[in-house]
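Participant: Spelled out from the first residue to the last, the chains are:
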Amino acid sequence: MTQVERQRWDVVVVGAGGAGLRAATEAREQGARTAVICKSLFGKAHTVMAEGGIAAAMGNANEHDGWEVHFRDTMRGGKFLNQWRMAELHAQEAPDRVWELETWGALFDRTADGRISQRNFGGHEYPRLAHVGDRTGLELIRTLQQKIVALQQEDFRESGDYEAGLKVFQECTVTRIVKDAAGRVAGVFCYERESGRFFVIEASAVVIATGGIGKSFKVTSNSWEYTGDGHALALLAGAPLLNMEFVQFHPTGMVWPPSVKGILVTESVRGDGGVLRNSEGKRFMFDYIPDVFKEKYAESEAEGDRWYDDPENNRRPPELLPRDEVARAINAEVKAGRGSPHGGVFLDVSTRMPAEVIRRRLPSMYHQFKELADVDITAEAMEVGPTCHYVMGGIAVDSDSAAARGVPGLYAAGEVAGGMHGSNRLGGNSLSDLLVFGRRAGLHAAQYAAGLGERPVLDEVQVDAAAAEALRPFSAEGPTPGEAEEGRPPENPYTLHQELQQAMNDLVGIIRREPEMEQALKKLADLRVRARRAGVEGHRQFNPGWHLALDLRNMLLVSECIARAALERTESRGGHTREDWPEMDRQWRHANLLCRLADPTGGLAATDPVRGQIRLEREETEPIRPDLLALFEKEELVKYLSEEELGS
Amino acid sequence: MSSYEAGFRVWRGDIEGGGLEDFKVEVNDGEVVLDIIHRLQATQAPDLAVRWNCKAGKCGSCSAEINGRPRLLCMTRMSVFSREETITVTPLRAFPVIRDLVTDVGFNYTKAREVPAFVPPRELGPGEYRMTQADVDRSQEFRKCIECFLCQDTCHVVRDHEENKAAFAGPRFLMRIAELDMHPLDAAEAEGLDRGTTAQDEHGLGYCNITKCCTEVCPEGIRITDNALIPLKERAADRKYDPLVWLGNTIRRRGR
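Chains X and Z, in that order, are what the protein sequence lines are.
With the numbering used here applied, the first sequence has no gaps in its numbers, which climb one by one up to 648 at the end.
With the numbering used here applied, the second sequence has no gaps in its numbers, which climb one by one up to 256 at the end.
This is chain Z alone, in the form it adopts within the complex:
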C-alpha cells in the first residue's frame, strides 16, 4: 500500500466571511475525499465542520464542491487526482454557508413542502394497489434520488440568481412533480389538481432551459432533464395550449 502527502485547500469560515486554508495531509490507497477531510479533523482541525452520514453514497449528506465541481465527498476517489494537484474543497455555492463546508440547505425543505403530496385513489384500500412494473419504472427512476441537492446547487437558474429562488423549485422538486404525475395511481387529477400545469405556473418549470447541468452532477445517474423535466414541459405545454384539453378540463370541473 502506498501513501503520499497531498495538498488540500479547504474553505473555512462562517456567515461573516472566511477563506481558503492550506493543509498538507496523508493520503492512502483507495481513499476518498471524505477520508481526507476526516483525517484533517482528527489530526489538524478538530472543529472543521462537514456534514456526512453513511459514507457510502446513499444518504446524500456530504455534498460540497471539489475543484469547483459539485460532488459527494464520499464518492470522489483520491485516485482521480494527480499526486501533485492541490485539491480545493468549498461549500455548496448556491446555499448560504453556516460554517466551513456546511451550508443551510433549508431552501430545499421549503420547496419540498410546496409540492402537493401523493393523492391516494379513493376507491382502493391498502393492499388493493395493482401496478405493472413497466408503469412504475419511470417514477422509480426519480425515487432513486438521495436528495444530495447537487442538482439544486449547480442549476444556473438559482446558482448565481438568489432572486429566482422564490419562484423556482429546482430540478429535484420539479422531478418530484414529474414522479407524482407519472405515478400510475396518483389521483391528483380526480381531485382537481393538474400537476403538469402547476409545475409551470407555481413551481417555475419555465425557468429551466434544459442545459442538463443537473443530469451531469447527479450521483445516482438519474436522467433528470430527459426523463423528468422535458416530459413535464411537454405535458404542461399540451395542457396550456390544447383547446380541447382546456375545454375538457373546464367541463369536468364544472360537473364536480
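Just chain X, same shape as in the assembly:
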C-alpha cells in the first residue's frame, strides 16, 4: 500500500473555474464537507478569459425575451443535436443564477432604469448577455471566489477554522479517480505542484469541472490548464464521452504577431457593431448566410445597420451568425486569396463607433491590441482569424443531475460535460451553462454523498498504480521491461506537445478530410508510444516538465477521441466540418457518438499503435419532447429533423 497522505471529504470538486466553484458553494450549502482541487492559484481559472457575457433571458433589454426564446436559439445554434433537456433547464434557470450573483456582490453593467444591462451576441434573438464591459468572466470568477471566502468566514465564526467545511487545494492536480471494489467513486489521487508530494482524498462523490481541451491545438484561445484532464479522468474511470468531434473554432482570434496568435477577440466587438471585411473591403458575411438562417438575417448592409437601433423592423447583420458559420466564412475568404496581410480578415470598429465609446465598451480589447500588437482599434481595423476555443463534446451526463453515466458518484459540469450545446455553442451560453449545471452537479453530488450509508473504500491497487504512473517520467531513460527499446533516450515532453498541437491543428482542425484524419490517428499512435518515454530532468518540486509529461496522457486520449469521432461522422454540422461531406445530414441528427476506453482493464494499453485506446459507439438520441418541438415552426423543423422524427 502506497504511503501517501489521506484526507476525508464528502465531495471533491476537480476544477476551480466557474462550474467548479459554483458546484462547491452548492455542495457546501447542502451541508457536504467539500474540497476543491485547483490546478492553478485560486481565482486564475480559464473562466477569467470569458469576455462577452452571460446569456440569460431576463428580458431587461427586450421584454419579449423569455426562456422559450433562449431555448430555441440554443437548439438552432447547436443544430438540434443538443441534449434538449439540458438546453431547457439552462434557459429556464439562467436568470436566477445571474441574479443570485448580484446578491454575492457582482456588479454588472446597468440599464438606464438600474437593472442588469444585456447586450447582443451571435445567434441570440434579443440582447441577452449580462456583462461587465468585456471582462465578464473575471467578474464571475471573482464573485464566486469571494462567495467561497464568505462561506469560509461563516465556518470560521462557527468553528474557528476557515477550512472546516470548504477547502481549496491550490496548485494541485488530480491524475486518477479511484474507485471501490464495486466500481463506485471512492476518491481521487493528486499531486501538489509546489512540493511534488502525492496525496489521496477519500470522498463519496466527485464533480469534474476541469474545462476544455484547447491545448491540444496549436492555435487556441485556451490557457495552459486546458489539457483535457477531466475528459481523460472520466474515460479512465469508465465513463463515456459524448460527441467529441464538435470543437468550436472561434471566428476571431488575433493572428499577428505570431506569439499572440489565437488570443481571443471577443464577439462583443461584432455584437456592438463591428464588421468583418476582406482585403477588397467587402462585408463578405452577406455571401455566407446558410439556408437554415436565411429568414433571420439582413439582406443588405443598410438593413443590418438599421437593426442596431430598430430591431423590431430589421434583421440582424450576418456578422452575428453562430460562430461555426462565421469561422468557416473567414476560412473560405482567406483560402480564396482575399485575406489580410497576416492570413486573417479585417474586423473593424474604428469606422463604426466613436473612439471613446470603443474604449468604454471594449476596454480589454483596446488594451490587448495596443499592448501586444501595436494596433489602435479606435483608428484601424484588427486582423483576426479562427482559433480553437471550446469543445462541445464531453462527459455524457444525465441532464437533470449532471451524473456521469456508468460510474456511481461521478458528476460533471461546465465545458467538460457534453450535450448541452449540441454541435455548436452560442456565445454567452458557456458562463450560464457553468452556473446552471455547476449548481446542479454540486447539489446532486452532495445529496448522493449524504445518501450513501457507508463511505466507499478505496481500492488500494488503484492507488499504487496511480503513484507508479505519476512517477514514470522520472525513470524514462533506459529500456522498459519486455520492450525492445534498449538505450533509447527519453523524449522531450515539450517537443511531443508541439508535435501533437501541430498535428491536431493541421489534420483535425476547422475543415476536415478523411485521409488527413487517418493520418492524424497514425501520428497520435506514434506520439502515444513516444510519450511513454517522456522523461524529465530535475526533481518533483514545481517541475513544469514533469507536469507536462503527465498532462500528455490526457491530451493524447482526448485528441484520439476527437479524431476518431470526426472520422466517423460523415456529415458537416456545427463545429464539425467535413470537406468530403459538406452537407448536414438529417439522419445524423439523431445519432450520438460515444467514446469509451478500448481496454478499461489494461489501464494504458497505449503501445498498440493500430488499435488505439478509444472505442466508438453510436446511439440514438432521445426524441425531443413534443411540447418543446411545438415551440418551433414546422417549416423550420423540416430543415433539421428526419421524417420519422417529425411524424411522431
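Keep in mind that a hint or two might mislead.
Chain X is nowhere near these chain Z residues, computed Cβ spacing over 12 Å in every case [claimed, not checked]:
#, residue
1, Glu-5
2, Asp-22
3, Glu-128
4, Lys-212
5, Asp-226
6, Ala-237
Partial list, computed: chain X residues near chain Z (C-beta under 7 Å) [claimed, not checked]:
#, residue
7, Lys-44
8, Gly-114
9, Gln-462
10, Ala-465
11, Glu-537
12, Gly-538
13, Gln-541
14, Gly-545
Just so you know, these hints were derived from the structure itself, not from any lab.
Source: prediction; values computed, not measured.
Glycine included, every Cβ here is placed at the ideal spot set by N, Cα and C.
Mind docking chain Z on chain X? Use the hints.
Facilitator: Relative to the frame of chain X, chain Z by itself:
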C-alpha cells in the same frame, strides 16, 4: 520576420538559496518575455519553474520582476528592450520563493479572508437590485483587478519589511475594502460594520503614505491610490474625528 539572440539572466533556486543563471536564447518579432521563458523551458531548462495561465494579461499569474521592476511576463514585449541589453528575470521580492520564478503568494489569500464579505441588503431579493451605472462605476474600476499582486509586491510597507505583513492588508485588499464601501447596496453598515474605520483599525490603512507605487505597477491601470486609498483614508478620518458621526454611530448601535 527578424530574429536575434538575446542575453537572459534568470534567477534559479529555491528556499535554500540560488542565484542568477545566464542564457543565450532566440527572440522573434512580437514576442513577450514569457515566450522567451517558454523557449528556455523547451530547449535548455525543462524544469525551470514559472507560473502562467492565460498569456493574455487576464489572469495575473505570471507576475515576476524584470530588470528589478514588477511586471507581468506575458505583457512585457521584448521590443521595449534593446537587442544588446541583458534581461534579468527574478521572482517577486516581497514573497518567499518556492522555486525559480515561483513564489509563495499565500499572504494575499490570508489577507483576502480577513476582509468581511459583501453584505446583501435584507430587504432585497435576487432580481430586485437596482443601481445606476454612475453608482457602480467606482467599484467596477476596482473589480478590474486581476490579482497579479504586483501592487502587493512593490508596496514599500511590506517589500522590505516582513514585520509589517501581519498588520497590513496591502493595496489590493485595502482597495477591496474601498470597493465594498462604495458598493451602492452593501449593507455592512446596517449590520454594524463600518468598513472605513476597520480599514484603519484592522487592515493597516495608516501604514500607506500614498507614494502611488501600487498605481504605477498596476497592469490594469487602476488608480489604486487616488480612487481607492485616498478616499478610504478620508472616510476613516471623518469617522474617527467627527464627533457628530461618532455620536450618531453610538446612538444607532445602542438602538439595535
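Participant: For each hint, tell me whether it holds in the structure or not.
Facilitator: How the hints compare with the structure:
no.: 1; hint: Glu-5; in the structure: holds (17 Å)
no.: 2; hint: Asp-22; in the structure: holds (18 Å)
no.: 3; hint: Glu-128; in the structure: violated (8 Å)
no.: 4; hint: Lys-212; in the structure: holds (20 Å)
no.: 5; hint: Asp-226; in the structure: holds (18 Å)
no.: 6; hint: Ala-237; in the structure: holds (26 Å)
no.: 7; hint: Lys-44; in the structure: holds (5 Å)
no.: 8; hint: Gly-114; in the structure: holds (4 Å)
no.: 9; hint: Gln-462; in the structure: violated (28 Å)
no.: 10; hint: Ala-465; in the structure: violated (25 Å)
no.: 11; hint: Glu-537; in the structure: holds (5 Å)
no.: 12; hint: Gly-538; in the structure: holds (3 Å)
no.: 13; hint: Gln-541; in the structure: holds (6 Å)
no.: 14; hint: Gly-545; in the structure: holds (4 Å)
Of the numbered hints stated above, those contradicted by the structure are hints 3, 9 and 10, listed in ascending order.
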